[in-house]
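Participant: Now for the letters of each chain:
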Amino acid sequence: MEKKDQDPESKSAKNISRRGFIRGAGLSTAGSVLLSSNVLAFDYREHPAKGKEFGPGAMTIKMKVNGITKSISVEPRTTLAAALRDHLGLTGTKVVCDRGACSACTVYLDGKPVNSCIMSALDVGDKEVTTIEGIAKNGELHPVQEAFIEHDASQCGYCTPGMVMSCVHLVENNPNPNLEDVKDATRGNLCRCGTYPHVFKATLEAAKKMI
Amino acid sequence: MDTRKEKFPYGIPGHNLGEIEREIPMEEPPVWPVNDELKVIGKRVKRIDALEKVTGKAIYTSDIKLPGMLYAKMLRSNVPHATISSIDVSKASSLPGVHAIHLIENAPKEGGDGGTNTYPMVKYVGQPLGGVAAESLEIAKEAVSLIKVNYEKKPFVIDMESAMEINAPIVFDAPITQQQDGGDVGETHDGSKGEGNVRGPSTSSFFGGPRGNLEEGFNEADVIVERTYRTQVHTHMPLETHGVVVDWGADVMTVYASTQNTAAVRNEMASVFNLPKSKVRVICEFMGGGFGAKHSAGSFGPMAANLAKKTGRPVWLMLDRKEEHLAEGNRPNSIQYLKIGAKKDGTLTGIQQRSHGTAGVGLGAGVGRIAQILYPCPNFATEQYDVLTNAGPGAAWRAPGNVQGAFGLEQAIDEMAEKLDLDPLRYRDRIDTSEVRKVERQRGAELFGWSRRQPPGSSTGVVKKGLGVGQSTWPRFVTLDSSVEIKIHKGGGVEIRSSVQDIGTGTKTIIAQVVAEELGLQVKDIKVNIGDTFFPVGPGSGGSVVTGSITPPTRNAAFEAKMALLKLVAKKWETDSSELYVEDGQVGHKANADLKMSFKEATKLMRTSQISKIASRSDDYGGFQQPWGLAYGDLGSVQFAEVSVNTETGFVKVDRIVAAHSCGRPLNIGQLESQINGGVIQGVSYALYENRVMDNGTGHMMNANIDQYKVPFSMEIPEIETIIVEEYSGRSSTDAYGIGEPANIATAAAIANAVYNAIGVRLYEIPITPSSILKALRNVS
Ligand code: FES
Ligand code: FES
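Protein chains in written order, with my numbering: chain A, 118 to 328; chain B, 2 to 782.
In case anyone wonders, no lab produced these hints; they're calculated from the structure. Computed from a prediction, not measured in an experiment: that's the story for all the values here. Careful, some of the hints might be misleading.
[As the list claims (entries may be wrong)] Stretches of chain B that chain A covers, calculated by requiring three or more beta carbons in the stretch to come under 8 Å of a beta carbon on chain A:
hint, region
1, 57-65
2, 288-295
[To be verified] Some chain B residues flagged as far from chain A (calculated, every beta-carbon gap over 12 Å):
hint, residue
3, GLU29
4, GLY69
5, THR84
6, LEU147
7, PRO156
8, LYS323
[To be verified] One-sided and incomplete, this derived list gives chain B residues near chain A with beta-carbon spacing under 10 Å:
hint, residue
9, LYS54
10, SER137
11, MET238
12, PRO239
13, GLY505
14, GLN626
15, MET703
16, VAL712
17, MET716
Backbone N, C-alpha and C define an ideal beta-carbon position, used for all residues, glycine too.
Could you put the whole structure together from the sequences, leaning on the hints where they help?
Facilitator: Written out as structure tokens, the structure is:
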């Protein structure tokens, strides 16, 4: 199974200053394998930006989201999550921990899941962003979304967009997942309502239907 | 009063189902048979708002964006105890993009403790002091960091046992009263009695006070178990934090709130700003979790409104993760002393309980009523003390008090069983008089495979397996002030309105099911518009009251509207409306199969564009135990846990939980399973993982985030199987109750008992961590 993009070298074309505060472009699924830290394979090495300086004021960038390219004006400190929610009105992406520990803010960057709360909007560059709003195509739900409805895989629903993003990515990349695969794919997704058993069931059912 | 008599299903299908005659108000609908004979009720009906949730289209309070809206951030104390000599906002107010700063000041009449000062006395780290509204959240945050608060620090005390000492710094030197959203449901804890930081004791509940004579009880006993149990403070951590968006228009103040109680928030805001309730509108369409902590407008509600007033613009104010941990509620800890006595045959002769708990600067740290009522025992007394500390206030947390209490009691009962040389399950058969728990024990034991259980500590190998059980009870609470309006629109739409909110429990869906069942329609035909105080007042989502409070008036209103519609059809068909029925979207005639009309056609007979009926919760059939809404019966549950304990690493894994529950007439099986799963997972978390860690030297919470505040993620989720036992008692037109609290009560005790069964050493304190397991094992070897 493909992991989330962890490659710190995959920088956007636009190098900017003040990016050190958000270290590394994207992060693996925030996991909880250890008691002390939820973060897997986080790359702590600094990669000082070269080239032109931007900021601290706002600047206009282009971002391709769910197939449509839009211009937005963001400050260097604007995260991808904030750009999506506050500038593009895509509030399906949720911010819960704001530090890469819960995966509520999961979006895809060129098809790979990243935590948008710890990614700079300026780092997106030419990559295409997919959010929860872009998962249903032409009004047709993805099988994972159908299965989430069928198996009651949301309670309050606040974790649901992030869960759906993790589970869709799994079934799109692993045609025959087992329970452990689903747990692995959602290992960074916090659900305080405790909906996990239904999320597991729904995802396995969706995968079956997709074969 | 006009009443009639009807026979209701009574008892448990497959066990003792019979009938009972009840006298019911004439205007209420006829009895519903058991679920097997109903079409929509008791089925796996899909959540009606799931589509919005899975597509990201559900708009939560935190998602709201209004034209001209400003973002606000609160200023909070970073010392645990101090008076404030001055606050300098000059740098913050000159930051570009800042629109207003509001500081919380002592109202002259509220003087009280520290009342000679301009600003309230600081009592804990994270206490709200003020707020800033700015063009973006980033600017608001920056502005808050530029505000300089000058403190005159005072001695403080953070940990409970130090706070109980005679020379401890005093948190409050005046009597205090119960926090609005703290503590146990329906009980008050006395904050005026007691000395130093210790307040209380509370010795009674709505189930009465002490019983019998403890000394005699213990004299009669052949066996005594006497232990002290400890539980930790843990915080609610809902995914969506507390917060509001306030849009204070010329006529009405609209408050979008992430709340479990729209009506309470409306009442608080109206009272703070001296507005008539009719001019405050609270709306909560989707909300991201509460678990008991979100019943109030808090200080963030009035703060957002003050900033909206100052700026003339809508204000968004949601807390961040850290603020949520520090200031918006937690389940108090407990140190519980428990002594129980029994005769050789197991008959309980005495239960004595004494507890201390801290809800920080709040009250309500009792351990509930479990020890008082779970098992009949002639001699009983409890003393429950609150200890004040310089930490954030507690709040109701899913089955407040009872979760702590069950952890102690259900372990003590297990220990008693062992001393009596009885299987823990058989011992409960002997002392528990509840029929529903008897059935739950039978069905649960079979599904779980209880017969596999080996004597404690007999599991061999490094990883030891253990099985355990825990039981619980929760009262059937009803909020009488629960009303619903139904509208049948000409041309066919059906709409339900109430201020009751759906906090993720599925309230919208069960309301639609009840109406669909009554009107012979499908769930998709019903539009549920709730979570708005411009509609009739519904209950708050706490104490598992919602289902039992809102579904009977929902059905009654639907029935009344249906009768009004049938009268119109009867007139057209020149017959009597009592001869008519509605089923599968058709109105028909009982005696004449030729007379048929679709529901939609029938609505076209209306002279007005709608039929509208409002109903409020009536008294239970046969009345209440307490007139304020304590119903007869209870919500009993039994949970079984299977664990693996690694004796080399101390690591405990919960492999499996079987949770057997009752909630009267079950309405929606899928949603019930979801809630039980959630309660169990939170119970696993309580037993093994989460813990608010405070630094006693600074008063700061050390793990006020998600990465270090350990809760279970997917890798720690056990296999969970649920058993839902139907239990009919004919007390209302739906006979249905909630499951929120019951699901969370017994889990930690069941796990602790299973851990004991695995390793043969008992742990009296949660969370059970690898280090506590290793320490316990070292002590015996
Ligand atoms: S990981 Fe981004 S909000 Fe938690
Ligand atoms: S459904 Fe509420 S947090 Fe997951």
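Participant: All hints are to be evaluated individually against the structure, with a verdict given for each.
Facilitator: A quick look at each hint next to the structure:
no.	hint	result
1	57-65	holds (count 7)
2	288-295	holds (count 4)
3	GLU29	holds (31 Å)
4	GLY69	holds (14 Å)
5	THR84	holds (33 Å)
6	LEU147	holds (16 Å)
7	PRO156	holds (33 Å)
8	LYS323	violated (10 Å)
9	LYS54	holds (3 Å)
10	SER137	holds (8 Å)
11	MET238	holds (6 Å)
12	PRO239	holds (6 Å)
13	GLY505	holds (3 Å)
14	GLN626	violated (31 Å)
15	MET703	violated (12 Å)
16	VAL712	holds (7 Å)
17	MET716	holds (5 Å)
When held up to the earlier numbered hints, the structure conflicts with 8, 14 and 15 and fits the remainder.
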